[in-house]
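**Q** Take a look at the letters that make up each chain.
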Amino acid sequence: MEILRGIKTGKLKTVRHVLLQFICLLGLIVILIIMTGCNPSPEPQFRFNRVALLKQEKNDLAEGERFSNAYQSEIGDILTALYGTPNEPRFPFLLGEEDPAHDVLSLNNLQLAAGPVAADRLEKTAGLYREHCSHCHGITGDGAGGTAASLEPYPRDFRLGKFKFKSTPLRRMPTNDDLTRILKNGIPGTAMPSFRTLPDNEIAALVDYVKYLTIRGQHERRLIAELSNLDNAPILDFKLLADADEEGQPIDEEMKAENTETFEAQLYTVVGEYLAEDIIPRWVDPDDEISEVNNAPAGFQSKHPAHSALLQTGKDLFYGKANCVQCHGETGLGDGQTANYDDWTNDWLKTIGVDVNQPATYQDFMMAGALHPRPIRPRNLRTPIFRGGNLPSDVYRRIANGIEGTPMPSSPTLTTDEIWALVSYVKSLPFEDQGSPENELPVNDRIVD
Amino acid sequence: MAPQQTNSKPSDDAKEQPAPLVYQRAMPMSRGKLAIWLFLSTEIMFFTALIGTYIVLRFGAPEGSWPTPAQVGVMEWLGAINTFVLICSSVTIVFAYESAKSDRIRAARGWLLVTTLLAFGFLGVKGIEYASKYSHGLYPQSPRSLLHDRSDVYYLSHFSLQLKQRIAELEDQKTPTDHHDPATLETLYLIQSGMLNWTENKVGVSNDPNMKRLALESFAHQIHPLADRPDIDKYLADERADLEEQQQTIAPQFSDLESKLEAAQKQISQLSDSIAKLESNRKSKPNVNGDFPPPTEIEQKNKAQLEDAEKTAKDATESISLLKQQMNPIERRLEAQSRFNQFEDGINEHFHLKLPMVIPNGNTWANTYFMLTGFHALHVVIGIFVFLILLPLELDRKRAKVMENVGLYWHFVDIVWIFLFPMIYLF
Amino acid sequence: MVNKVQHPELNHPKRTGHPVLRFLSTYVFATDHKIIGLQFLFSSLFWFAVGGMLAMAIRWQLAFPWSDMPIFGPTLFASEGGQIPGTFYNMLFTMHATIMIFFVIIPILSGAFGNYLIPLMIGAEDMAFPRLNMFSYWFMWPAFACMILSFTLPGFGPTSGWTAYPTLSLIAGDAQNLWILGLIFVGISSMMGSINYMTTILQMRAPGMHMFRMPMTVWAMFITAILQAFALPVLTAALFMQLSDRLLATGFFAPESIVVNNSITISGGGEPLLWQHLFWFYSHPAVYIMILPAMGMVSDILSCFARKPLFGYRPMIYSLIAIAGLGFVVWGHHMFVSGMNRILAISFMVSTMLIALPSGIKVFNWLGTLWGGRLFLTTPMLFSIGFVSMFIIGGLSGIVMAAPPVDIQIHDTYFIVAHFHYVLFGASVLGVMGAIYYWYPKMFGRKMNETMGKLHFILTFIFLNGTFFPMHFLGARGFPRRYADAYRFEEFQDLLPLNQFITLCAFLMGAAQLVFLINFFGSLIWGPKADRNPWHANTLEWSAPSPPPHGNFDFQPTVYRGPYEYSHPERSVDYWPQTEPPP
Amino acid sequence: MQKSFLFAVVSLCFISSPLLSDDGWGSLKGNIVVEGAVPAISKEKIDKDQASCLSDKEAPNDDNLLVGAGGELKDAFIMMYRKGSDPIPAIHPSYEEAKKKPVVLDNQDCRFVPHAVFVQTGQTLELRNSDDVGHNCHIITFNNEENVNLAKKDSVNITFSDADKTPGNVVCDIHKWMDAIILVRDEPYAAITKADGTFEIKNIPAGTWKFQFWHKKTGFMKKLDVPNYKVGKIKADIEVTIKDGETLDLGKLTLPATSIKKK
Amino acid sequence: MNRFWSILFCLVPILGTATFVMAAWGLPPFQGAWLPKNYSVAGETIDHLFYLLNWISAVIFIGTGAVIGWVLWKYDHRRRDQASYFSHNTQLEIVWTIIPAIILIFIAFYQMNSWAETKMIRPTISQNGQTINKPPMVLVMAKRFGWEFHYAGPDGLIETQDDDYIENELVLPVGTDVVLQLETRDVIHSFFVPQLRVKQDIVPGMKQFIWFRGTDIAEMDIACTELCGWGHYTMKGRLRLVSQKDYNLWLTERRAMQTPAMDPDDPETPQVLEERLP
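Residue numbers (my numbering), protein chains in the order written: chain A, 1 to 449; chain B, 450 to 876; chain C, 877 to 1459; chain D, 1460 to 1722; chain E, 1723 to 2000.
Any given hint could turn out to be false.
[As the list claims (entries may be wrong)] Calculated Cβ distances over 12 Å to all of chain C for the following chain B residues: (1) A556; (2) L685; (3) K732; (4) K773.
[Claimed, not checked] In silico EDC-like cross-links for lysine to aspartate or glutamate, where the CA-CA straight-line distance does not exceed 20 Å: (5) B/K613 x D/D1508; (6) D/K1502 x B/E620; (7) A/K303 x E/D1877; (8) B/K613 x D/D1506; (9) B/K683 x B/E694; (10) A/K321 x D/D1613; (11) B/K773 x D/D1508; (12) A/K164 x D/E1604.
Just so you know, these hints were derived from the structure itself, not from any lab. We treat Cβ as the ideally placed atom computed from N, Cα and C, and that holds for glycine.
Isolated chain A (complex conformation):
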């Protein structure tokens, strides 16, 4: 009775009641944290290319039909057996010591780049990729890291095996130098920063890791396409790798070795052929494929008397034979054709039944991890930013070879001098006088002048 009155008069229990609520709230939060927070984080895994799988399903199967889970997990098992996990990368050097893949990448580099970020800063032993790259490119190299969705353009998805800015022509792999250069210079006009300040061995490790992810991704895509041709899974007998037989008896060493050998033979017959015949050779010595940059005409020098004539030629080509104006627009602002998509998007956007104007038709691709389709804009040539580098030879290669994965075509019919004229004109465009007064930025030291 007294307590009740106390409550009523607001004397005794006023505070305790308010307090009790807060204690409960605090306790709840603490319990929640303890429940969720105390389990150690699981080891990260490569993400399965569900977009490619979905595309295959949509193209090959009737509506509503799906491939069996066994099919997907089998591909996952094969890839894990071949390439390991993000923490423990492996590489299938199928031919042992003499495998040409040794020229492509080294396991030491992979181990330096893979794994969790090393907390010890002074001597890095692992984790480079996750420290520098994975927040955009994703642990799998699928271009879908945490920040990816907010970037324009999206980070590169390595799994398609296409690289834009390289010294080799279309359908050829980039050279080590190309990848290193991108890492060192970054890609201006995009979110790709420059890693010039990293030591050379770390850059080399990252280059190798990018190749590793690319090869893995290419292989995965191929497996998805290839194995869907087969009537039913499974093809590999993973039980051969087990430590114990079905009754739980341990298998002796001899048997184990034999089993492993059998398994590896299986593996090679199933997946090694494509790797050895198709993927690896492309990566070996792409330096031989480097497209030549022919000598420039003397008029390329801006002080040369023939320079203005060269510029005029370039301009005529721009508006005429070279077709530049069709996409880059009359004013060169890149507004000529604004409704194209790059190959990474087209890869799934061209699936039967998908219409970019009706989001409902590709909703399931979004669920599978595809990024929202965004049109690719032709370069605005009035800003002095060239994504593939602003050296004249860079611009030359972009015009001559085209840019892989984008609508930018190669121009086999243009002569060397014509291309140089275009390079000259394109490089002059940002600084072309339009007669309008310059946009004067406010200057903070007006008081000094």
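Starting from the known structure of chain A, fit chains B, C, D and E onto it as the hints suggest.
**A** Positioned in the frame of chain A, the structure of chains B, C, D and E alone reads:
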């Protein structure tokens, strides 16, 4: 405001009520009035921040580039009316307060009603102004405003994208509506081919920077003229003369080519007739082996002539199509010129098209205009709410205090407007 | 304190009887200033825990960059191996600052103590507008909701720093909208509160309570209320403009056609620096909003436990006023290297130097108060002395930074972090702790455990210095603030051990607060009962029952003297309550 | 275990040279007809270069789904189905001559002519532009990619080195309504249905082969009704036996209109 | 007990000052935890000011700390029955108002010169007999998340067609006044080189200028100190101060890269090309 007023439940024991405490006051006014004064002073700081922003942005803009009221279609007389309306309402609320103080309830209510109506009138005028701004596209919007600060290539590019989008929308529209009749579509096509593409080409291909500038400026001027520009008029007139001259030179070529083509076609038909005749002649007489005799010389000659004629005809056709390609933009340009030149208020205004236009600092103007007047209008709305709450109450001497506080607030709203009106409408 | 003094209320006419209230109106929609004060206190303590957790996460990342972060890592970033992304770190410090400033320090100082103490100290039965007071608390809840909701949005919250500089904040994720909304609500709440405080203090003082008989706490709250009333609307206006920049595509704070991420998002035409001016025009006074009430409360505590009149009562008040006045014209010292006009920097530098003067006078006056006293080193007293000691460090480093050339080197480095943590944690939070220990008997009718209190103090004090003092060195080296990982710079690599030391201290400091929590909640149940005036203090609230009932006073208080008549030579007892009639 | 053995054998076969047919050559023909209401064919939206692409004409139809009055399906592909490691079948000498002739893909009036092409690896594909505007020819298949700039009245020759399993796309990035279909195979045994829905593949080595049916709007025609044959559920394949000197006429193959996916 | 607290509070200024002194002298465990080595002329004044302010602070710090300690030691309630009763001392108050005021005003005036030199008076050169502001040597373009350093091409001017830029690597000569023009592509960044005592926020829509004169050959980090997004901490650049000769060499090398290989048989091919061949 003793506690028993605020949070008491009908107590079952009346003597539970404690005696109110005695206080000494710093100021000889009620707490409510003091609080209102304090509240108004915070409001002053609020508007100081907004007006400060306006001042910083306006005077931070390059010299002379702030849009004049005429350029953005601000009507001073409307603002003046609104000022008058608001001042009147300030007077009427004083009358309402005085009436309430002397217990003339009906009079008080009447005056308050008048005040409310005046406030609504103010909002109405404001609404008209906002509607006209909206209908002219004078407002910030995402992702890119219709208001551009300069007539540069970026303006042109944005214009082109907007125009394309508008055309696509209209083409998709099945039933023509009042505003979007086929004539609008035609106009848009003409703007696209006769003005936009022309200017784009001029800016891209021309080597004369001065010419480029004039082309861009005249384009922007035709869409939305800001002031009389004799230089642009001259430029357009020169261009017209030039184009007509070109037309004059090309037109005879047309007839030449056409007559050539006609002759060639005539020749072709003649020749093919004769060849057919000769051939049938020849084929009617097979020789012994069943073979036909070889073509005669005439036939071969005719055939060669036919080939020549066909080539001529083809050349002529190609030249004609080339000429047409050359002629087409010129004609479209001339058509656009003759169609659009007459509008002194610009194409945008005349056809009620919301296409991007160039008003230096137009965006900043629109931002600050809507911010200042919008927050002021919000205060008016709050005032109206309070009036509507008060109206059904007995406005007697007891309520006079509340009336006084409300009146203070309303005067404040009035004073803010007195600041805003000259800032936005007059200078 | 040997002789018992006659209870002052016995000399006054009695007031009895209090209205009986329903449950909801007692606890939830309470209009009683004490309940509202406690509501503020408990919400602030809750947010203090949240903000502290965020701080721990920040420290973890700085000591063990990118390693598996406890709690956050495996819960949120399992697929990344528990490694937090850079943007999450930005969220951590953004929310840490926002919560600590807007949901802990400001509400606990002016919300909790202001509400609780003002009517009691001036002899009023409640605030001038109890219902407005209730609203000022409940307007915090939408802000709470905004903050909690923003944690659930992509990016786990706003990430553009508590300063929210455009153009970064204009392109930040949706959580930024909630952040802005939350702050607008906080602003409305504070505005309601401050108008209420000012009216109450001006119009509802007990008979005899002249302005110059008010305790320093009330004075400080009064000045704080003025600062809030005049500075906050500016921030609110700026927040509205930023919100409209984000949602309505206006461009107050973005230059023309700003291209971010390859797309034009804002119509432009504005000035990014304008935001900084408007923001700091509020946020510099806000710094004083966050310290002045603590100064006032500490003045009272020091005087009480030194058993000696406050030294220089009037100069203390004048310096308060001077700080408030000058506080409005020094905001530019946050912007020496921001690109603002470089001549303006000089005038801001001079005014900043000037504002050091009243702060210095306050410190000297506190020392003067202690000098010649008879010190009882109770827990609240220790915290108050700790306040003075830490405030000296914070103040002195403030002068170092006020010099623009030096600021070039240490701006936006950990030197700044050290400075404002010394002021905000070292001073304000210690002051708040002192105040909690001091007024706890009044609030809950029980005393807190002294031994645990002293333990709490010494642990907090040592680890607070261990945490924040080394930051000066980091800052001098140029270690930038808001870096998730500065060790990728060769320049800062060798600072990792120092950071690990700081983190260790920070965690221990966090753990020390558990002692406080146990003491606080335990004392509610097991604490010894306190009588009306356990500290033998003079001010009015100690004449009321503990805890005071609804209506506060069971007698009509009348004030006969100033609040600091301790150890009056003509009296047998060393205190002389304000309400005790002259003999 | 068995399977792996099979694979080993199969890959061995792959390494050995292509087997020559000892049993002679035969042909395969048929006629594909859609049954039911075919979705309405939409008009292309010509929003660029109207002067050249649309002069004196109205907008053309989307030619990805051209169906005759009786439902005859144009531009469907009939191609040999081989698993990854199956050997290339023997090739009839007549094809060697044909392979030397370039396949032409022309750009006429901003449309690809023909709409569907079949090229063998190593065969020349001539990309031609007969228009007054510039085009580009962007070919993307699973294994091939080519992107060539074509100035007006220009032509470029290209060859492919890798075969594909399914037809790929040819587009012009400048004029986004332009598209065509291309199939690249190592062997010449594929056909494209004509406007009357008929197809014929000549000189197939005698033996048992699998053929599959594909169309841009359906993918593999799993619902295709081939009289007397069972169509594979996944790859829309039928197993046929080609006999020396004989022409196997599959007759009228009917495709329910419901299996056409709208876009 | 009071003595214990007295010592504790006394420790604050003692340890505080001691650690500062140790850090300044580089004594372990504080070696390196102090101002980084200075490489610019203006930096010396800034350092001097920093030291001066620290010494003044130390005096006040120790003084007030000592008072706190003394008070706690002396005025224990167990050893005093009665506190003194005084509430002000006008003379004392005037003294402790005037003296800090003088010190603060002294500081205010003492530093103005340094501020003017580092931020207001831009180095000048004489051109055609006129003294003009030194034109910027490099355009620093900040972006999310990196630095572009635009060097002038052969024409010697920045923001022209033949500009060359390099990411995250800034090479500058020592012994000469270097003027940098700062601009940003997106959000606010801040250009900070600790060793040069240089910091300047870069605001969108504004051009900023900073200048300094390097004193010695060195390599140092450039950091961004204004929050610019998730990758704020990744905005690392390297600044190399090299001798004028090396700088010229480096610049020539960079410029040569901007020129493509030209037809050697063409008589019109400029001679430059041969010069640059090693």
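**Q** Next step is simple, just say for each hint if it's right about the structure.
**A** Against the structure, the hints come out as follows:
Here B/A556 stays apart from chain C, with its beta-carbon at least about 30 Å from theirs, past the 12 Å limit. A cut-off of 12 Å between C-beta atoms confirms that B/L685 is not in contact with chain C; the least separation is 28 Å. The non-interface label for B/K732 is consistent with chain C: the shortest C-beta to C-beta separation is roughly 72 Å, beyond 12 Å. Its beta-carbon lying about 38 Å from the closest one in chain C, B/K773 satisfies the requirement of being farther than 12 Å from that chain.
Using a Cα cut-off of 20 Å, the hinted pair B/K613 and D/D1508 holds, with the two alpha carbons roughly 13 Å apart. Using a Cα cut-off of 20 Å, the hinted pair D/K1502 and B/E620 holds, with the two alpha carbons roughly 13 Å apart. Taking the CA atoms of A/K303 and E/D1877, the gap is near 10 Å; set against the 20 Å cutoff, the hint holds. Annotation: proposed proximity of B/K613 to D/D1506 holds, straight-line Cα distance about 9 Å (limit 20 Å).
Simply put, B/K683 and B/E694 have alpha-carbon atoms about 16 Å apart, close enough for the 20 Å limit, and the pair holds. For the proposed pair A/K321 and D/D1613, the alpha carbon gap of about 9 Å is at most 20 Å, so the pair holds. Taking the CA atoms of B/K773 and D/D1508, the gap is near 14 Å; set against the 20 Å cutoff, the hint holds. At roughly 13 Å between alpha-carbon atoms, A/K164 and D/E1604 fall within 20 Å of each other, so this suggested pair holds.
In this structure, every one of the numbered hints holds.
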